[in-house]
Every structure is written in C-alpha cells, then in structure tokens.
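Chemist: Okay, here's what each chain looks like letter by letter:
Protein chains: 2
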Amino acid sequence: MRIIKSEQTAEKWGIFEIAVEGPSGGNPFTEQEISGTFCSPFETVHTPGFYDGNGVYRVRFMPSFTGKYTYKIESTFGEAEGEFSVTEPSPENHGIVRTSGTFHFAYEDGTRYFPLGTTCYVWDLQSDERIAQTLQTLKESAFNKIRFCVFPKHYDYNLGEPRSYPYEGTPMDSSVLTKENFVQYVGRAEGNHFDYTRFNPEHFRHIEYCITELQKLGIEADLIVMHPYDRWGFSCMTREQDTLYWKYVLARFSAFHNVWWSLANEYDLLTEKTTEDWEWYGHLIRHYDPYRHLTSIHNCHAFYDHRRPWITHCSIQRQETYRSSELVNEWRERFFKPVVLDEIAYEGNIQYGWGNISGEEMVRRFWEAAVRGGYPGHGETYMNENEVLWWSHGGVLHGESPKRFHLLKDILEETPGCGLAPWENTRWDEVCGVPENEFHKPVKSYYLFYYSFMRPSFRDYYFDDETEFSVRVIDTWNMEVTDAGTHKGRFRIELPGRQYMAVQIRKTDL
Amino acid sequence: MRIIKSEQTAEKWGIFEIAVEGPSGGNPFTEQEISGTFCSPFETVHTPGFYDGNGVYRVRFMPSFTGKYTYKIESTFGEAEGEFSVTEPSPENHGIVRTSGTFHFAYEDGTRYFPLGTTCYVWDLQSDERIAQTLQTLKESAFNKIRFCVFPKHYDYNLGEPRSYPYEGTPMDSSVLTKENFVQYVGRAEGNHFDYTRFNPEHFRHIEYCITELQKLGIEADLIVMHPYDRWGFSCMTREQDTLYWKYVLARFSAFHNVWWSLANEYDLLTEKTTEDWEWYGHLIRHYDPYRHLTSIHNCHAFYDHRRPWITHCSIQRQETYRSSELVNEWRERFFKPVVLDEIAYEGNIQYGWGNISGEEMVRRFWEAAVRGGYPGHGETYMNENEVLWWSHGGVLHGESPKRFHLLKDILEETPGCGLAPWENTRWDEVCGVPENEFHKPVKSYYLFYYSFMRPSFRDYYFDDETEFSVRVIDTWNMEVTDAGTHKGRFRIELPGRQYMAVQIRKTDL
Chain A
29 MRIIKSEQTA
39 EKWGIFEIAV
49 EGPSGGNPFT
59 EQEISGTFCS
69 PFETVHTPGF
79 YDGNGVYRVR
89 FMPSFTGKYT
99 YKIESTFGEA
109 EGEFSVTEPS
119 PENHGIVRTS
129 GTFHFAYEDG
139 TRYFPLGTTC
149 YVWDLQSDER
159 IAQTLQTLKE
169 SAFNKIRFCV
179 FPKHYDYNLG
189 EPRSYPYEGT
199 PMDSSVLTKE
209 NFVQYVGRAE
219 GNHFDYTRFN
229 PEHFRHIEYC
239 ITELQKLGIE
249 ADLIVMHPYD
259 RWGFSCMTRE
269 QDTLYWKYVL
279 ARFSAFHNVW
289 WSLANEYDLL
299 TEKTTEDWEW
309 YGHLIRHYDP
319 YRHLTSIHNC
329 HAFYDHRRPW
339 ITHCSIQRQE
349 TYRSSELVNE
359 WRERFFKPVV
369 LDEIAYEGNI
379 QYGWGNISGE
389 EMVRRFWEAA
399 VRGGYPGHGE
409 TYMNENEVLW
419 WSHGGVLHGE
429 SPKRFHLLKD
439 ILEETPGCGL
449 APWENTRWDE
459 VCGVPENEFH
469 KPVKSYYLFY
479 YSFMRPSFRD
489 YYFDDETEFS
499 VRVIDTWNME
509 VTDAGTHKGR
519 FRIELPGRQY
529 MAVQIRKTDL
Chain V
29 MRIIKSEQTA
39 EKWGIFEIAV
49 EGPSGGNPFT
59 EQEISGTFCS
69 PFETVHTPGF
79 YDGNGVYRVR
89 FMPSFTGKYT
99 YKIESTFGEA
109 EGEFSVTEPS
119 PENHGIVRTS
129 GTFHFAYEDG
139 TRYFPLGTTC
149 YVWDLQSDER
159 IAQTLQTLKE
169 SAFNKIRFCV
179 FPKHYDYNLG
189 EPRSYPYEGT
199 PMDSSVLTKE
209 NFVQYVGRAE
219 GNHFDYTRFN
229 PEHFRHIEYC
239 ITELQKLGIE
249 ADLIVMHPYD
259 RWGFSCMTRE
269 QDTLYWKYVL
279 ARFSAFHNVW
289 WSLANEYDLL
299 TEKTTEDWEW
309 YGHLIRHYDP
319 YRHLTSIHNC
329 HAFYDHRRPW
339 ITHCSIQRQE
349 TYRSSELVNE
359 WRERFFKPVV
369 LDEIAYEGNI
379 QYGWGNISGE
389 EMVRRFWEAA
399 VRGGYPGHGE
409 TYMNENEVLW
419 WSHGGVLHGE
429 SPKRFHLLKD
439 ILEETPGCGL
449 APWENTRWDE
459 VCGVPENEFH
469 KPVKSYYLFY
479 YSFMRPSFRD
489 YYFDDETEFS
499 VRVIDTWNME
509 VTDAGTHKGR
519 FRIELPGRQY
529 MAVQIRKTDL
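Those protein sequence lines, which keep their order, are chains A and V. With positions in the first sequence counted from 1, the corresponding number in our numbering is that position plus 28. With positions in the second sequence counted from 1, the corresponding number in our numbering is that position plus 28.
Incorrect hints may have been included.
The list makes no distinction among identical chains, and a pair is therefore deemed to hold if it is satisfied within one copy or across any two copies.
[Unchecked claim] With a straight-line cut-off of 30 Å between C-alpha atoms, the simulated DSSO-like cross-links for lysine-lysine are:
1. Lys437 to Lys469
2. Lys437 to Lys516
3. Lys469 to Lys431
4. Lys535 to Lys207
Think of the hints as simulated: they come from the structure by calculation, not from any bench.
Modelling step: build the complete structure from the supplied sequences, incorporating the hints.
Modeler: As structure tokens, this is what we get:
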C-alpha cells in the first residue's frame, strides 16, 4: 500500500488525513473498503475511509487530544501504519459543538455557543463567484450556523442545474421545466440516468471546500443530508443505496469539527421513507461518526420524535401560522433538549406564506425564541429579477432583520450560566428569560424581559428588597441600548411606548 | 290613580311611556309594584314599571306592530286603562338587533347589522362636556355598538368620583386613593354608605339620555350591568339586592330598542358570584325583558358556557397573548352562536399588555376576525397627562386604527347572504371568508381573502373554469381599493408585497 499523503502533525480538533493508492477498476465505491484506527494514550478511534476517485483512497481523523498518535490503516487491498503528533488547536478552533446543560450548546473546549443560524439550501452548489459573495455576506453577518444540502435542489425558484451532481450520470433536460409544471417532476423524473453506486468525488470535495471556508468564519455547517426537493431520484433510492450514501457522507465529512448532521429537511415529505428508515440513518451516524456530531431531523408537518436518543436537539419548523417562537417553552418541556428553530418563516415577499414575513416580525420571532431559551434561525426570500434568493442561493442579503441580530448575539453572550430559560414568574404580558446552570437550575441575578409587539410606556418590577440591579433598556429594532440606572426594591422603568423593547436587569455585582 | 303622562301615539320600536302619581312614603322601590299590559291584535305584552322618584311611577312599552293598542296599568296603589296608536317607525329605526342565520345579526326589520363595537366603560358617567365630545367622536366613527357600565368604575386611571351614584348614600373619601394603593380598596371598601334598596333615579335617567343619544346615531348600547371594578360594594350585594337592581334596570331600559344586556364585564372576577347567581340573572332577564334583547356575558379568564340558552351570542375576551381573532373558527364551532370579540386588547401604550397594541395590530385583528365570520371590537388606551383614556372616559380618539374601520364596514356590507364564514378550502397561508345564508350554507360566488402580516407579491387562484370574477385588491392599512380586472379559470393577482392586504373576488353577475 503506497501512502501518498500523511502529514507529521495535526492540530487538536483539526483533520489528520492519510491518502493511499488503491485499485480503480470495477466499482471501488462498493467493492473496496478502507478504515483507520488512531491511538493515543487518551483515545482509540476507529474511522472509515472513502474512495476519492483516480485510484486514491483517504482516511480522515479528528484528534481530541494533543501529543503522540499512532495509526493503522486496513483495507481490502493492503495495510499501513505510522505515527504523528497533535499540537494545540489554533485560537479560533474550539472543537465540536456539544449540547450543554440540557437546553444549550457549548464547544468542546467549554466556550459557550449560542446558535443564530440561517438557511441557504444550495449556496454550495452555485458558481464560484456567488459562493465567494455568500461567504463575504456571512462574514459580515451575526450568523454562526448555516443549513445547506448535499444534494441539489428542485423547487420553485430552483429549476436550474447545480454546479455538479453527487453521482455519475446524466440529468434530464431541465429546459422543459417551468414554474407551472415543475411539481410534476418531483421525485425520480424520466430522463435522469444516475448510477446510485458511483459517487462523483468532485461534488463532495467541493462541499468540503465550503465546510472549510465556513470553519474559517467560525460558522457551523448544519448539513442537510437528505431532502425531498428532487427530480433526479436522490430522494427515492433503495435502502442499500441510501446506506452507501450515508457511509460515504460520514466517512468524508465527520472529521470536520464544524459539521452537524441534519438527517433531512422536511423529513415527512420524503414519502417513500419510513420511521424505520430514519432510525436506520440515525443508527448509521452513531456507527460511522466516531465523534458524535450534533444530529437532528427537521419536519414539515409533524415533528419527528425528538426524544429519540440519537437526536441531540430539536430542529423545528413551526407548525402554526400565527405562533412559532412563542411555543419554545412547550417544546422544551416536551423534548427536554435544546430547541433550535430552523424555520420560523423567512423575511421576504414571495407568494408563499412561509417566505413573506417582514423584517420586524422576523426580529420579533428571534427575540421571542431567544428569551424563552430557544435558538432562532433566519432565511430570506425577496423577489428579484434574477431569482437569486438567499434562502436557496445565498449571495447578498436584502432584508431588514439580519443587521439586528448582532445586538441579540451580543446580549445573549452576556447571559451568565449556560443560557436562558423562561422565567416561571413571568407576567402574562411579557416574556422573561433567566439564566440556568448546567443542572437546569435558575441563576437568580439576571433577567432579560421582552415586550414583543406590546408597547408599554413603563413597567414596574420587584424582585426583593435587598438586591441592587443595573438596568438597560434595549430597543431591539432601532438597535439602541440605554442605561436606565441602578435600582432596588420596587422600581419603575420608563419605556418609549414602542414595539420590540427589551429590558435587561442584572445584579450590579454580577 | 292619576296619569301624569300618556301620549296618544308612539312609533313602532319606539317607546310608549305612561307616568302616574303614586306613594312616595316608606321605600317605594321595595314596597310598591307597578306593571302594564299592552294589547294589539298582534301581541300582548306584560311589562314591569318602576319608581322614578318624587312620587312618579313609569311603565314603558316598545310596540312591535302598528295600529291600535290598549293598555292596562296595575299597581299596589291603583289601576288605569287607556289606548294609543302606533305609527310606522321613522326611517332610521330598524328595531331590535337579533341574531340571524346562526352566526350573524340583523335588525328586527331584516336590515343586516354587522357589529363593529368599541368600549368606553364609563363614558356615560363623565361631565356633560365630555359626553358631548364622545358622542361627536362616535358620530364620525364607524362604530355601531358601544359597551359601557351602569355602575361607576374603580380601577387604575379610574379613581375619581362618577357624576352620580346608582343608590342613595355617600361614598368614601376618594382622595386617599393612589395608583399604588387602589387595589386594596377593591370590593366593599370602608367608608362607603349606600342603601342598596334605594335607587338614585337621576343616575338611571342620565343613562337613558345616553342610550337615547346613541339611538340617534344608530349605535347599539351594550350595557354592562355588573362588573368587578368597584369600591362601593355594588359588586358584593346580596342576592335580594342584586335582584332588586336587575328588576329596576330591566324595567327602565328594556323598552329602548338599541339596548343589549351584557350581564357582566369579566364575570369571573366577581369572586362572590357563583354560576347559580349568573343563571339567576339570566332568568331575570328572560322574565322581565319581554323583548328578548341580545344577552351575553364577558369573561376575564375562562369563558362562561356560551351554549346556555339565555345567551344569544359569545362576548369574548381573548384568552391568549398571541392569538385572538385567529380563534374565531374554533369558537364558532364550539358555541354555534355569533362570535363578538369584545376585547382583543386595546390600541395604546399603557403599561398593561391588554392596553398597548399598535394601530396596525388592532386593524389586523379586526380583519382576521371579520373574514372568519366574527365581529371585532375596539378600545383605546393612550397615556396622556389628564388620564382621559377612551377605553373608560370617552372623549376623542388618538389612535391609528379607528379611521380604518370605515373601509372594513363598507366591505362587510357588500357581503351577500347573512355574513361571512371561514371558507373550508382556505390554504394555510391565507384567511378567506365566504358568505353563508340563513341555513349556514356557503354562497359560492364571493370570496374575501386576507393576508394578515404576510406579504405576498402575488397569489394564484382557481375556483372553476366557467365563472367570471371581478377582483379588487384592498390595502386595509392604506385604505386603498384597486380594481384588479375580471378573471376566469386559473388566474394570478399581483400584490404589492406589503402587510395587511385583502383580495375581494366576486362573480361578475352577483
């Protein structure tokens, strides 16, 4: 077995990769197997490798400790051994994001992580130019998570060809598609000829490029591994083909510390898949991802049972027209896991009700979710001549909401403890988050009130007679934070009688 | 028995009143009884009279037919007989409002009545000047119903003395009341000395003046007979005292065609009253009001059981912070009676969440309710130096919502049939009302769509291949109605991508 590539060092939570030469005849994707075992005094990790085309096989590993490692590669075509050393991570590498304190998140190194996500389903499958533009936009934004697909997308505003396909083969002639007839092509449309046993490594290499670029920006890649917006048949493969796909995805992407697994977008629209199938994919992840990346499954109508042990957090699409973030309290109680609102409608003006809320309403939903201890997500769907919509294609943002998320992020980062929980003494006409520690117990020294669409001209507060609090009034829409002094006992805070106000109250000696 | 007053004629649905002299010694309110029986070939009505002070007793009657009537007055102090004739009603007098076609309303003469109400709890107990101002404001408004109280009101922003009290006696010194301590005085506070068996007729005469002035404006008087915002003990009287009060109210006000009975505001805050009490008041109304005026009971937390036979329609205070009008469909199904939303929060900026929504949100709730076949109500609570808030005191309106109700009223009046019902084929991201006839069957020729906070840039419609529809786009906030042409089969309507848009679609030959 000839080793083509094997560095001498890697950084902790970085990628150590070995590339070897192997057979290219027959179907290497199905006929060959390769895996690696990586050992240090602190861990032994077994991880599958994958065929990357042109007779090259790769095995990737993400070390979780510094110091000396040895490795052993085993395959159907030979073996190899070696060693390397792992250095301290670079300052911006905090490791994998994990759940923390039941309802929240933190990086492996303990740094808290408050997800504020966006969705650009196939930004990764656009032109180089648009991808660069999207990365630039993300860099300037407050987003620290992005949801996107491995498979290309077929849907209204998404009728063109992707930059590449995940499999060898040829697609149908998409020039026959119109806004009126595209629904007739959903699923496995005539004229598509793909070999679901032969991957196109270039497609996956490109996605790795995108994941890496996100890593540089400190953004988590919430990878949507399956989805129903399909005309090429990728949503209707057999169990065996799906398994081959999942194993390939897991072997290629697991070593990237910023990857999350989203089993599907709108899993319940994949009509050929059963609960048994989803459980099987969940099993595959637990089997072939040795790092236990965050794992979720996103609904259209009914929630998947987020209590399942392989699901790390709720990935929620709202189920109602008039309430979304307001239900965070309920979902926390029901699933007892972090609540990530990956779809609470998008800011925009397209014809669909899920894609035409105002910037004000989007920001309101963000604060409603955050103050209740949930983690809101964004998307944008503004009509334009070129039909380049952030929600699918990335590019630039046109909306009013994104610039307001910086303030929310700053305020969230001031939270003591693990993150916010809905305060049980909240009055009916306000929302209030209080910090909770890792034991799901409230930290009684900090209150973040939010008044949503209500417009009080003042509010009265009382916590106890002794504690001195410093108070700030936050205009979440106009992005103004005003010092409202220090107070004790019963006190009144004057407010401007406008919508979207928050009041932050914290112990002066906090 | 000496008759002081008895006209020769009355108009149909007007008031025929007889005044007689009687004893003024002892307690005429409890010791004397008087009633009248009014006969025409078409009806015989027995109705109680009342003592109006200064030795004068009155019996009032509202005739429902034209032509000759005879009457007989019976009392504990003598009898009298006479006759009079009833003329056609004046053009603006359409009679009592009744329920119509399960979920709607119409006047006795068949004219449809679409309630658009407001609430000014004690506008009637303010100065002459302010009352005149309120009447002028109402005249210029789209409101055709107003909720107000017989008893004075004790509450935040309502700590002063009313212009008069319903009983003989002396109130406590109200100068001790402050915004901070007023809650300690709720109920029967020390220092109030009223005789709950001796009415102050002037108080009631003045309310009759207010009812009459409303009549001239074509506005229904939704009289709140009991309420919990009290320091004088009127909310904590005995069963016997309550009965005396109800009989007096019914004897005085029943003959006014524009009166509705609201048993209470927030009945469930009258903690001393039981369901048995409320059922008793309902029984008294059915016994002493021969005209069967509309009767309802308004909640704070839990709804009263609006299915009770003496309740003609649901008088609803929303039970949730985030949904109000959106639940009309549910309430229609649950109670199978007209749904009047008497409290969906007020436009304003006071400290309470029920009194600080925006004009936009108020207008949105109005349209949401109306398109679902419910009838929304308004209130206004803007802070001001003099603490004159429309919600309690009347005066002038400061809000942005009231001027927008004229358009809603105009559009509602274009509805064929009895009124609107939620269309069962409505898509999830729209609301659509279709007219229903008196048999609760849809009239398939008219659709009123509403897009609420959503901002579609266009919407596609399809009803059938044959029918030609004329379409109008309604900007409910900017009060602009735009002709969008005639259409058949599948068609698309362009919209401005703004919030609060409605689309009216009707058969061209309707």
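Chemist: All hints are to be evaluated individually against the structure, with a verdict given for each.
Modeler: These are the hints, each one checked on the structure:
Taking the closest pair of Cα atoms, Lys437 and Lys469 come within 30 Å of each other only inside a single copy of the chain (23 Å); across copies the shortest separation is 52 Å, beyond that limit. In the homo-oligomer, the alpha carbons of Lys437 and Lys516 lie at most 30 Å apart inside one protomer (28 Å), although the nearest pairing across protomers, at 50 Å, exceeds that limit. For the homomeric pair Lys469 and Lys431, neither the shortest alpha-carbon distance inside one copy (33 Å) nor that between copies (50 Å) is at most 30 Å. With identical chains, the CA atoms of Lys535 and Lys207 are at most 30 Å apart between copies only, with a shortest distance of 28 Å across copies and 57 Å within one.
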